[in-house]
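There are 2 protein chains.
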Amino acid sequence: MAAPVTVYGPVISPAVARVAACLLEKDVPFQIEPVDMSKGKHKSPSFLKLQPFGQVPAFKDHLTTVFESRAICRYICDQYADRGNQALFGKKEDGAVGRAAIEQWIESEGQSFNPPSLAIIFQLAFAPMMGRTTDLAVVGQNEAKLAKVLDVYDQRLGESQYFAGDDFSLADLVHLPNADFLVNRTNKAGLITERKNLARWWDDVSARPAWKKVTEMQSAPRPS
Amino acid sequence: MAAPVTVYGPVISPAVARVAACLLEKDVPFQIEPVDMSKGKHKSPSFLKLQPFGQVPAFKDHLTTVFESRAICRYICDQYADRGNQALFGKKEDGAVGRAAIEQWIESEGQSFNPPSLAIIFQLAFAPMMGRTTDLAVVGQNEAKLAKVLDVYDQRLGESQYFAGDDFSLADLVHLPNADFLVNRTNKAGLITERKNLARWWDDVSARPAWKKVTEMQSAPRPS
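Protein sequence lines correspond, in order, to chains A and B.
Sequential numbering of the first sequence, starting at 1, is according to full-length UniProt numbering.
Sequential numbering of the second sequence, starting at 1, is according to full-length UniProt numbering.
Since the hints were derived computationally from the structure, they do not count as laboratory data.
Watch out, some of these pointers could steer you wrong.
Anything over 12 Å on all C-beta distances counts as not near chain B; from chain A, calculated [as the list claims (entries may be wrong)]:
hint, residue
1, 104
2, 162
3, 212
In silico DSSO-like pairs for lysine-lysine, Cα to Cα no more than 30 Å straight-line [what the hints assert, rightly or not]:
hint, chain 1, residue 1, chain 2, residue 2
4, A, 39, B, 145
5, A, 148, B, 49
6, A, 188, B, 91
7, B, 148, A, 43
8, A, 213, A, 196
9, A, 148, B, 41
Note that beta-carbon positions come from the ideal geometry of N, C-alpha and C, so glycine has one too.
Just need the whole structure built from these sequences, with the hints factored in.
Written out as structure tokens, the structure is:
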């Protein structure tokens with residue numbers, strides 16, 4: 001029997017949650033190997049072989065290892081093409097053009113949405129968990145940057161149901177972890193819920209069974 | 001005759017240069033449509049239809065439009081698979097595993113290398129061109145961040161000739177624009193040239209005909 005698919009890192013991490021959501025959409029069974037970052041396990045020699053920057057997540061299946069959450073998601077879609085959600089990384093018949101429509105919004109997430117949203121999440125959700133002081137100036141600067149990105153998103157989601165067109169895809173999925181933190185674990189939910197098209201999109205995508213399962217995993221008590 | 005492939009944006013922009021390098025590697029003829037950012041043309045309604053964030057580059061061929069430089073590079077490789085460099089986005093026989101080996105380093109570039117290197121380039125190369133004061137504190141902070149990334153890169157390039165293995169690929173190509181600026185247009189060349197494996201890699205990849213052609217385009221007088 002093939003070794004199971006393993007995702008390394010705590011699922012509360014947005015980047016780990018991104019990969020878990022992809023595996024659930026693709027109906028690929030997997031196990032989570034939590035990496036105890038409070039004990040510096042992400043900087044251990046064995047982990048650095050999987051992820052040379054000492055970050056989570058890392059990924060392993062019977063064929064290879066991969067790091068960087070968005071690279072892992074692409075790999076899962078390509079390697080497990082016949083499983084689960086068949087439109088997640090573009091329908092075969094849509095070819096390179098269909099995939100590009102998805103890729104441009106995955107890149108927008110990585111380049112434009114993630115930096116300010118992650119900075120806000122860090123300050124308002126993770127810093128308190130870690131006993132650190134929240135820097136409200138950082139929150140304010142990043143809220144201004146994020147608002148401009150979300151204005152573009154709201155316009156886009158007024159033109160089509162999902163970022164890349166009529167189907168839920170990786171373009172939507174990559175946004176879920178940070179969006180969920182903003183809405184459910186900070187006082188900045190309005191950034192999403194007060195923009196009409198973005199709010200409609202959020203109600204839809206956050207209700208998907210795969211994402212609901214991820215949030216259950218995030219809320220479950222950590223194994224002792 | 002099909003409409004020509006068009007790249008929108010000034011080729012001095014690192015992200016525009018990234019796309020030009022990819023088209024040259026793939027031997028796809030193209031034209032550059034400079035977007036006069038000093039006149040705000042990147043915020044015009046017609047440009048925002050191509051690139052909703054008002055950034056360069058944007059891309060158009062006879063089939064579609066795409067934005068975000070790394071998304072455009074992936075599209076060029078997929079759509080023009082039979083042209084030019086056949087290994088650029090992974091050899092067919094290497095399948096999803098080969099592509100993942102490339103993707104994880106494209107993502108490292110976008111997430112880890114680009115932010116600090118672009119900040120340094122902006123302060124040391126673009127700010128003077130624009131008559132703005134260089135903020136040396138920003139340079140110092142980002143140099144410290146970039147050094148950590150380059151230490152990982154130097155180790156990686158001690159294990160294999162290129163980021164993803166034995167072949168030059170998009171994983172290498174996406175790094176070229178910022179690396180060239182650092183080496184040739186700032187006083188921070190040592191970040192790359194004083195790391196043994198990275199220096200060996202840089203001598204190799206920067207001598208590729210496609211990249212040399214891009215730097216010629218960048219140095220050419222702008223059309224009046």
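Status of the hints after comparison with the structure:
1. 104: About 4 Å separates residue 104 of chain A from the closest Cβ of chain B, which leaves it inside 12 Å; violated.
2. 162: 15 Å, holds
3. 212: Holds, since 27 Å exceeds 12 Å.
4. A/39 / B/145: This hinted pair holds, its Cα atoms lying about 23 Å apart.
5. A/148 / B/49: Answer holds: residue 148 of chain A to residue 49 of chain B is near 16 Å, not above 30 Å.
6. A/188 / B/91: Violated: residue 188 of chain A and residue 91 of chain B sit about 45 Å apart, past 30 Å.
7. B/148 / A/43: OK: residue 148 of chain B and residue 43 of chain A at ~13 Å, within 30 Å.
8. A/213 / A/196: Within the cut-off at roughly 26 Å; holds.
9. A/148 / B/41: 18 Å, holds
Checked against the numbered hints given earlier, the structure breaks hints 1 and 6 and satisfies all the rest.
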